[in-house]
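Please put together the full structure from these sequences, using the hints given.
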Amino acid sequence: MPELPEVEVTRLSFASRIAGARVLAMHMGKPLRWPLGVPPALLVGQSVMGVRRRGKYLLLDMDRGVLMLHLGMSGSLNFAPSQIEAGKNDHMDLVTTQGVLRLHDPRRFGAAVWSDSETDEPAAKLLGKLGMEPLTEGFELKLCQQGLKKRAAPIKQVLLAGDVVVGVGNIYASEALFMSGIRPTVKANKLSAPRVAKLHAAIRQVLARAVEQGGSSLKDFVNAQGNTGYFQLEASVYGRAGLPCRTCSTPIKQIVQGQRSTFFCPVCQKH
DNA sequence: CCATATACCTGGCAGC
DNA sequence: TGCTGCCAGGTATATG
Numbered sequence: 000m001p002e003l004p005e006v007e008v009t010r011l012s013f014a015s016r017i018a019g020a021r022v023l024a025m026h027m028g029k030p031l032r033w034p035l036g037v038p039p040a041l042l043v044g045q046s047v048m049g050v051r052r053r054g055k056y057l058l059l060d061m062d063r064g065v066l067m068l069h070l071g072m073s074g075s076l077n078f079a080p081s082q083i084e085a086g087k088n089d090h091m092d093l094v095t096t097q098g099v100l101r102l103h104d105p106r107r108f109g110a111a112v113w114s115d116s117e118t119d120e121p122a123a124k125l126l127g128k129l130g131m132e133p134l135t136e137g138f139e140l141k142l143c144q145q146g147l148k149k150r151a152a153p154i155k156q157v158l159l160a161g162d163v164v165v166g167v168g169n170i171y172a173s174e175a176l177f178m179s180g181i182r183p184t185v186k187a188n189k190l191s192a193p194r195v196a197k198l199h200a201a202i203r204q205v206l207a208r209a210v211e212q213g214g215s216s217l218k219d220f221v222n223a224q225g226n227t228g229y230f231q232l233e234a235s236v237y238g239r240a241g242l243p244c245r246t247c248s249t250p251i252k253q254i255v256q257g258q259r260s261t262f263f264c265p266v267c268q269k270h
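Under numbering that gives the first Met the number 0, read the first sequence as residues 0 to 270, first letter to last.
Hints listed in this document are in silico derivations from the structure and should not be mistaken for laboratory results. Keep in mind that a hint or two might mislead.
Said to hold, decoys possible - Only pairs whose alpha carbons sit at most 27 Å apart, straight line, appear in this in silico DSSO-like list of lysine-lysine:
no. : residue 1 : residue 2
1   : K197      : K149
2   : K128      : K149
3   : K148      : K197
4   : K197      : K252
5   : K189      : K252
6   : K197      : K141
7   : K128      : K87
8   : K197      : K269
9   : K186      : K141
10  : K252      : K186
11  : K148      : K186
12  : K252      : K141
13  : K87       : K148
14  : K186      : K128
15  : K124      : K29
16  : K148      : K269
17  : K269      : K186
18  : K87       : K149
19  : K149      : K29
20  : K141      : K128
21  : K87       : K29
22  : K186      : K197
23  : K124      : K149
24  : K128      : K148
25  : K269      : K189
26  : K141      : K189
27  : K197      : K128
28  : K269      : K252
29  : K148      : K124
To be verified - The calculated label-pair distances, taken between Cβ atoms and stated as ranges, are:
no. : residue 1 : residue 2 : range
30  : K87       : K186      : 15 to 25 Å
31  : G44       : H270      : 16 to 26 Å
32  : T249      : R63       : 50 to 60 Å
33  : Q224      : A152      : 31 to 41 Å
34  : K124      : R208      : 40 to 50 Å
Note that the structure is a prediction, hence the values are computed from the model and not measured. We put the CB at the ideal spot given by N, CA and C, even for glycine.
Okay, structure coming up:
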């Protein structure tokens, strides 16, 4: 569910409401991807200074460290004024003076991890190899070209790997490649500079637009206020196998790359 | 170092 | 209705 836009929309939907809140209690349900790494009681009494995002991680800055949250494939957050009874897929409650932050995640590929600081383990290890943030000034075309030049893997898989640019997941990778007219199977290091420039712009555009739209509503995305997004309404290729390309009417193709589905138009994305 | 495969886990859906 | 098999937004880790 959550790629960069969904994570960012989630962040925006509760960051200002939780800022300044003091933790009253923390409850953990079934195990997530990694152990929290700290007894929940140690969170009690600390305040939430703010919420940042790095790639698809949400970073809750606390008095004495950072609580890192990841939504995995099926996670979502809810920030409600008061506590409601937890369902079987609710695996973390952070009860604060300003509301309850709840992590809901059926598949449990998500995570809640404590780190004494962003430069300590485990944060350093999890965040250390992440690529550029696509919606910041730091996402420079030149660095993008340099990064791709070193990679012989198909461009789609390089985008997903997240070590050149973060936040582009399986949906937006297909969408960005369609926007820039690039076939997903092309080796990253074979792309000409002008084509990388197109891709660079497309990544920015598709992610920024999805954030504006409130995130993807594919399947069941909701932000921390329970609102759905609208991106699904305008997907160009993702999930449209066999349907006519919105540009040229050629049936959209679906292939598998690195055990993930990829969608593209064989005519608009010739090479 | 790089590219690719594997593992984690549940729920929804198509097809029978 | 109920079963089976397939598929799903991510990414650390293992393997070649």
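Hint-by-hint comparison with the structure:
{"no.": "1", "hint": "K197 to K149", "verdict": "holds, 18 Å"}
{"no.": "2", "hint": "K128 to K149", "verdict": "holds, 15 Å"}
{"no.": "3", "hint": "K148 to K197", "verdict": "holds, 15 Å"}
{"no.": "4", "hint": "K197 to K252", "verdict": "holds, 22 Å"}
{"no.": "5", "hint": "K189 to K252", "verdict": "holds, 22 Å"}
{"no.": "6", "hint": "K197 to K141", "verdict": "holds, 13 Å"}
{"no.": "7", "hint": "K128 to K87", "verdict": "violated, 34 Å"}
{"no.": "8", "hint": "K197 to K269", "verdict": "holds, 15 Å"}
{"no.": "9", "hint": "K186 to K141", "verdict": "holds, 18 Å"}
{"no.": "10", "hint": "K252 to K186", "verdict": "holds, 19 Å"}
{"no.": "11", "hint": "K148 to K186", "verdict": "holds, 9 Å"}
{"no.": "12", "hint": "K252 to K141", "verdict": "violated, 31 Å"}
{"no.": "13", "hint": "K87 to K148", "verdict": "violated, 46 Å"}
{"no.": "14", "hint": "K186 to K128", "verdict": "holds, 21 Å"}
{"no.": "15", "hint": "K124 to K29", "verdict": "holds, 24 Å"}
{"no.": "16", "hint": "K148 to K269", "verdict": "holds, 21 Å"}
{"no.": "17", "hint": "K269 to K186", "verdict": "holds, 14 Å"}
{"no.": "18", "hint": "K87 to K149", "verdict": "violated, 45 Å"}
{"no.": "19", "hint": "K149 to K29", "verdict": "violated, 41 Å"}
{"no.": "20", "hint": "K141 to K128", "verdict": "holds, 19 Å"}
{"no.": "21", "hint": "K87 to K29", "verdict": "holds, 9 Å"}
{"no.": "22", "hint": "K186 to K197", "verdict": "holds, 16 Å"}
{"no.": "23", "hint": "K124 to K149", "verdict": "holds, 22 Å"}
{"no.": "24", "hint": "K128 to K148", "verdict": "holds, 18 Å"}
{"no.": "25", "hint": "K269 to K189", "verdict": "holds, 14 Å"}
{"no.": "26", "hint": "K141 to K189", "verdict": "holds, 16 Å"}
{"no.": "27", "hint": "K197 to K128", "verdict": "holds, 25 Å"}
{"no.": "28", "hint": "K269 to K252", "verdict": "holds, 12 Å"}
{"no.": "29", "hint": "K148 to K124", "verdict": "holds, 25 Å"}
{"no.": "30", "hint": "K87 to K186: 15 to 25 Å", "verdict": "violated, 45 Å"}
{"no.": "31", "hint": "G44 to H270: 16 to 26 Å", "verdict": "violated, 59 Å"}
{"no.": "32", "hint": "T249 to R63: 50 to 60 Å", "verdict": "holds, 57 Å"}
{"no.": "33", "hint": "Q224 to A152: 31 to 41 Å", "verdict": "holds, 38 Å"}
{"no.": "34", "hint": "K124 to R208: 40 to 50 Å", "verdict": "violated, 32 Å"}
The structure fails hints 7, 12, 13, 18, 19, 30, 31 and 34 (numbered hints given earlier, in ascending order).
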